[in-house]
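Trainee: Residue numbers (the numbering used here), protein chains in the order written: chain A, 1312 to 1428; chain D, 916 to 1031.
Hints in this document: simulated from the structure, not taken from any laboratory. Keep in mind that the hints are not guaranteed to be accurate.
Not the full set, but computed from the structure, chain A residues with beta-carbon under 10 Å of chain D [to be verified]:
{"id": "1", "residue": "Glu1369"}
{"id": "2", "residue": "Thr1370"}
{"id": "3", "residue": "Ser1405"}
Built from N, CA and C at the ideal position, the CB exists for glycine as well.
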Amino acid sequence: DTAVSQTPKYLVTQMGNDKSIKCEQNLGHDTMYWYKQDSKKFLKIMFSYNNKELIINETVPNRFSPKSPDKAHLNLHINSLELGDSAVYFCASSQDLASGGATDTQYFGPGTRLTVL
Amino acid sequence: AQKVTQAQTEISVVEKEDVTLDCVYETRDTTYYLFWYKQPPSGELVFLIRRNSFDEQNEISGRYSWNFQKSTSSFNFTITASQVVDSAVYFCALSGGAGSARQLTFGSGTQLTVLP
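Next up, chain D with everything else stripped away, as it sits in the complex:
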């Protein structure tokens, strides 16, 4: 069975602070995919990143960066110089590799509030 844990239920920071959202996963698949989605107050789910299990390179996209560590089964997400518009619920998710069920298993989400 697959499981995703986002231990931080809510985080509150002041604008321009850096913030890291934690994600720990469990899977028996040797090939799997990890995702982050953003759900702003308007309610839609916005895709942010997809990472293969065999690619442990960290990724940076503007103010966003992701740290994937297979040794600790973690896929953490850092926002640098946070802005009020970053306020949202952020979900980490996991899907199986070839031959596995391809549905996303989501974590419970982290509510990020960025204060002006």
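Chain A with its partners taken away, still in its complex shape:
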């Protein structure tokens, strides 16, 4: 069974459209993240949720809105897509050490390659 899954794996869309990427983890973790990997392979944190609450919100345009309906899911909605949003988006999850996790290692989903035309 896949530990962290993302859908879709590929997303091709036109500028100006709104799209969503879904993420689910079955590891029982309480913290989830979104990272963006640009064309040069650089990985940068976007958001982090702990127990459905936003705890990290890096400098990301407000066109990006994360939503966590429960601890196992963290979705990413993007409004008014722009060419510069083309990237690979990775979801990850971990168990917070403060809540009894033995390790806070982040495990990543397979990534969603977003192409904005």
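Fit chain D to the given chain A structure using the hints.
Mentor: Below, chain D alone, put in the same frame as chain A:
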């Protein structure tokens, strides 16, 4: 602020050679965690190792070994007897300790190519 530097952008070796990937980090935290991840051509990010800042013991796992030196703020990764399947981008990453933001700060990655 935290920073991770992987000065080697690309490395190319011939199969069976040993190769070391360098990682230097900066942090003001007294407790922190260091990681290595592998990104093969298929694109997923595969966790390799996690190391606490208070545990400087080197670690060996099969052909992989890691050398953590707090004095030089380095966490280098060596692959012994490299194989073609080791070809990937390798990322070093850092996260803060308790009370700090727990997101990973990644280095820019090292593209390793192992030639047959």
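Trainee: So, for every hint listed, does it hold in this structure?
Mentor: Consistency of the hints with the structure:
The interface hint given for A:Glu1369 holds, since its Cβ lies 8 Å from the closest Cβ of chain D, which is under the 10 Å cut-off. Checking A:Thr1370 against chain D by beta carbon gives a least distance of about 13 Å; that is not within 10 Å, so the hint is violated. Interface hint at A:Ser1405: satisfied, since its Cβ lies 7 Å from the closest Cβ of chain D, which is below the 10 Å cut-off.
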